Amino acid sequence: MNAWQGIVWALAPTVLVGLVFWWVMAAILRADRTERKVYAKIEAEERAKRGLPSKN
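Note that full-length UniProt numbering gives residue 54 to position 54 of the sequence shown, counting from 1, and the numbers run on in steps of one.
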């Protein structure tokens, strides 16, 4: 049983760091996606106020 315990203790830090990295990257991508949606909405509102055609 000590061999398996050693394997788990050896792999645990790598797995945990990988999970934290994945979580941080997912949060960054989600924030970027949200920011782009908000920016597009604001830009569309400003274009509408000025009577300009939409970008689409």
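Simulated from the structure, these hints should not be mistaken for lab results. A quick note: this is a predicted structure, and the numbers were derived from the prediction, not measured. Cβ atoms here follow ideal geometry from the backbone N, Cα and C, with glycine treated the same way. One or more of the hints may lead you astray.
Lysine-lysine pairs mimicking DSS-like chemistry, simulated, CA-CA at most 25 Å apart [stated by the list, open to error]:
(1) 55 - 41
(2) 37 - 55
(3) 37 - 49
Restraint ranges, calculated between C-beta atoms of paired labels, are given here [said to hold, decoys possible]:
(4) 18 - 54: 40 to 48 Å
(5) 56 - 32: 42 to 50 Å
(6) 43 - 14: 36 to 44 Å
(7) 36 - 12: 34 to 42 Å
(8) 9 - 46: 55 to 63 Å
(9) 17 - 39: 26 to 34 Å
(10) 24 - 55: 47 to 55 Å
(11) 55 - 27: 36 to 44 Å
(12) 37 - 14: 48 to 56 Å
(13) 53 - 24: 53 to 61 Å
(14) 24 - 46: 27 to 35 Å
Verification of the hints:
1. A C-alpha spacing of about 11 Å is found between residue 55 and residue 41, which places the hinted pair at or below 25 Å, so the restraint holds.
2. A threshold of 25 Å between alpha carbons decides the hint, and for residue 37 with residue 55 the separation of about 14 Å falls inside it, so the pair holds.
3. For a cut-off of 25 Å, the pair hint linking residue 37 to residue 49 stands: about 19 Å separates their Cα positions.
4. Between residue 18 and residue 54 the CB atoms are about 42 Å apart, so this pair conforms to the stated range of 40 to 48 Å.
5. In this structure, residue 56 and residue 32 break the distance hint of 42 to 50 Å, their C-beta atoms being roughly 21 Å apart.
6. In this structure the supplied range 36 to 44 Å holds for residue 43 paired with residue 14, their Cβ-Cβ distance being about 43 Å.
7. For the pair residue 36 and residue 12, the beta carbons lie near 36 Å from each other, so the given range of 34 to 42 Å is met.
8. Evaluation of the 55 to 63 Å hint for residue 9 and residue 46 yields a pass: the beta carbon distance comes to about 56 Å.
9. Residue 17 and residue 39 have their C-beta atoms about 33 Å apart, which keeps the hinted 26 to 34 Å range intact.
10. Here the CB-CB span from residue 24 to residue 55 is close to 32 Å, at odds with the stated 47 to 55 Å.
11. Take residue 55 and residue 27: their Cβ atoms lie about 28 Å apart, and the range 36 to 44 Å is violated.
12. As the Cβ distance of residue 37 to residue 14 is approximately 35 Å, the hint placing it in 48 to 56 Å is violated.
13. Evaluation of the 53 to 61 Å hint for residue 53 and residue 24 yields a failure: the beta carbon distance comes to about 39 Å.
14. Here the CB-CB span from residue 24 to residue 46 is close to 33 Å, well matched to the stated 27 to 35 Å.
Checked against the numbered hints given earlier, this structure breaks hints 5, 10, 11, 12, 13; the rest are met.
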